[in-house]
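Engineer: Chain residues, written in single-letter form:
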Amino acid sequence: MAKTIEEINEKIKKGKVVVFTAEEIIDFGKQKGVKKAAQEVDVVTTGTFGPMCSSGAYFNLGHTKPRIKLGGGKVYLNDVPAYPGLAAVDFFLGATAIPEDDPRNKIYPGRFSYGGGHVIEELVSGRDVRLVAMAYGTDCYPRKSLETYISLKDLNEAVLFNIRNAYQNYNVAVNLSDRVLYTYMGMLQPRLGNANYCSAGQLSPLLNDPYYKTIGIGTRIFLGGGIGYVVGSGTQHNPNVERTERGVPKMGAGTLSVKGDLKMMSSKWLRGTSFIGYGPTLTIGIGIPIPILDEEILEYTMVRDEDIWAPVIDYSESYPQMISEPLGWVNYKELKSGKILVQGKEVPTSGLSSYFKAREIAQILKEWIQMGKFFLTKPVELLPSVDSGIIFKPFKERPIKKR
Amino acid sequence: MQKRRVVFNYPPHVVEQPVISKLVKDFDLTVNILRAHITPKEEGRLVLEITGKRQALEAGLHYIKELGVEVQPLAQDVKWYEDRCTHCTACVSICPPKALEVNRMTMEVSFKKERCIACGLCISACPYRAMEILF
Numbered sequence: 311m312a313k314t315i316e317e318i319n320e321k322i323k324k325g326k327v328v329v330f331t332a333e334e335i336i337d338f339g340k341q342k343g344v345k346k347a348a349q350e351v352d353v354v355t356t357g358t359f360g361p362m363c364s365s366g367a368y369f370n371l372g373h374t375k376p377r378i379k380l381g382g383g384k385v386y387l388n389d390v391p392a393y394p395g396l397a398a399v400d401f402f403l404g405a406t407a408i409p410e411d412d413p414r415n416k417i418y419p420g421r422f423s424y425g426g427g428h429v430i431e432e433l434v435s436g437r438d439v440r441l442v443a444m445a446y447g448t449d450c451y452p453r454k455s456l457e458t459y460i461s462l463k464d465l466n467e468a469v470l471f472n473i474r475n476a477y478q479n480y481n482v483a484v485n486l487s488d489r490v491l492y493t494y495m496g497m498l499q500p501r502l503g504n505a506n507y508c509s510a511g512q513l514s515p516l517l518n519d520p521y522y523k524t525i526g527i528g529t530r531i532f533l534g535g536g537i538g539y540v541v542g543s544g545t546q547h548n549p550n551v552e553r554t555e556r557g558v559p560k561m562g563a564g565t566l567s568v569k570g571d572l573k574m575m576s577s578k579w580l581r582g583t584s585f586i587g588y589g590p591t592l593t594i595g596i597g598i599p600i601p602i603l604d605e606e607i608l609e610y611t612m613v614r615d616e617d618i619w620a621p622v623i624d625y626s627e628s629y630p631q632m633i634s635e636p637l638g639w640v641n642y643k644e645l646k647s648g649k650i651l652v653q654g655k656e657v658p659t660s661g662l663s664s665y666f667k668a669r670e671i672a673q674i675l676k677e678w679i680q681m682g683k684f685f686l687t688k689p690v691e692l693l694p695s696v697d698s699g700i701i702f703k704p705f706k707e708r709p710i711k712k713r
Numbered sequence: 161m162q163k164r165r166v167v168f169n170y171p172p173h174v175v176e177q178p179v180i181s182k183l184v185k186d187f188d189l190t191v192n193i194l195r196a197h198i199t200p201k202e203e204g205r206l207v208l209e210i211t212g213k214r215q216a217l218e219a220g221l222h223y224i225k226e227l228g229v230e231v232q233p234l235a236q237d238v239k240w241y242e243d244r245c246t247h248c249t250a251c252v253s254i255c256p257p258k259a260l261e262v263n264r265m266t267m268e269v270s271f272k273k274e275r276c277i278a279c280g281l282c283i284s285a286c287p288y289r290a291m292e293i294l295f
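Protein chains in written order, with the numbering used here: chain U, 311 to 713; chain Z, 161 to 295.
Errors might be hidden in some of the hints.
[To be verified] Quick list of in silico lysine-lysine cross-link-like pairs, DSS-like style, CA-CA up to 30 Å:
#	chain 1	residue 1	chain 2	residue 2
1	U	649	Z	239
2	Z	239	Z	272
3	Z	273	U	643
[What the hints assert, rightly or not] Examples of chain Z residues toward chain U, derived with CB under 7 Å:
#	residue
4	227
5	246
6	247
7	248
8	250
9	253
10	254
11	256
12	285
What the hints contain is simulated information worked out from the structure, not anything from laboratory work.
Note that CB positions come from ideal geometry on N, CA and C, so glycine has one too.
Kindly generate the complete structure, drawing on both the sequences and the hints.
Structural biologist: Structure, rendered in structure tokens:
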């Protein structure tokens, strides 16, 4: 019999809710059988902890005396530029922003040891951050400069807002060339020296709800150690990719846009991250509860690493040149074993998304629900799925003719 | 036969002396230089793997210390900051001696100091600055 979110929340209130992590449900569902397990289990919790470049945060400083209008001016946090093209004291900081005097890749490969993601980690850990701002001054906002320390507790609002996170599956990166590559998928050794992947596999949120039957706008989630919400599908959300018989996408597909109050988060789950030769970013912990409304949804959560396939892509040629011809397909069981076969060669693997931390997140979320601290939400609208007609377009360049 | 991984810290006045060849010729030791560096202050740092008979090894190291070279075990110089490590495993596939290892059951990373050859590859591979070499 089908359950409703309201019924599950009632069970949470009474302390009678049955919760499993996306890892635990695999064996439990197999032992009990899908029908019985779907009746007994109310929620399956998922988790992921990986670098997510389309992350950032917006802030409201509070008005200075005399007033300053940052909009149209410049704002730096520990020398990292933020975007102030908004009202007087609002600004947005992106995870990949870097100080203007960082040498970038001029001394190759650049270290990128400090960027927007690191500023966010410092703020969340309670440290003071230097804010330097320049404005042009108006009759109503006469002040032209500001140099001050700020900390999270002083700000009116500090909100993590990520336009694309929690990618449903991803590429496995390798390097066929003769030199080391420095990529957002880490350091890739020449001649298939290593293979890097980035997904929590069987624990990953969207891989446990492949057709987005429960996750949607307004879904309450674990975000950076605090509570957050799904805002909607993220940028590049692309449900219409090749899928396995069980509906699991065989490459990057769905994405999420999420937000949450930074003041509730912890630097344990928001980590400034540096990819040598590529740039800084932010690593974020996300956990999403999946309400077991019926047998079909339970079956999706029983997905195992060996059921999830990812394309092996050459980052020396195919990726940068937009030739999306995979060298082959591997599953996450193989990836997590430490080696895969590519073109007949045994290649050692590394993850960029921490499975160890993903498991911890799914466990924490499970405990929150069992303790009656976290209730499920019914999405206002589900994410666009395979029937949405979404087509993911490459950019069509229209060169500007010089006169 | 014994094998030891050590770090030699040379004061400026020893930097120009042929110390290693003495170890080879006079003490019959096999020396594998893993890393060598002279600082702008002209102090030298050398990471070595030395193999030889126990007595010869002791005598060789004694000779080195007499010259004023500071000798310390290698493991002290490579640090894994466990609190910064996220156990992502980015380091494990590029670590040649498998000093950085992952337990495939728990997917937890650990650092086996005694295997480390201080090559420094993990320093570049770690996105969280959890590895540090102190030279």
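Engineer: With reference to the structure, classify each hint as holding or not holding.
Structural biologist: Verification of the supplied hints:
1. U:649 - Z:239: Between residue 649 of chain U and residue 239 of chain Z the Cα gap is close to 26 Å, so the pair holds against 30 Å.
2. Z:239 - Z:272: holds (11 Å)
3. Z:273 - U:643: With a Cα-Cα distance of about 28 Å, the restraint between residue 273 of chain Z and residue 643 of chain U holds, given a limit of 30 Å.
4. 227: With a minimum Cβ separation of about 36 Å from chain U (threshold 7 Å), the hint on residue 227 of chain Z is violated.
5. 246: Given a least distance of 5 Å, the restraint on residue 246 of chain Z holds.
6. 247: holds (4 Å)
7. 248: holds (4 Å)
8. 250: Holds - the Cβ of residue 250 of chain Z comes within 7 Å of chain U, reaching about 5 Å at its closest.
9. 253: Result: holds, 4 Å to nearest chain U Cβ.
10. 254: With a minimum Cβ separation of about 6 Å from chain U (threshold 7 Å), the hint on residue 254 of chain Z holds.
11. 256: violated (11 Å)
12. 285: holds (5 Å)
Consistency with the previously given hints fails for numbers 4, 11, ordered from lowest to highest.
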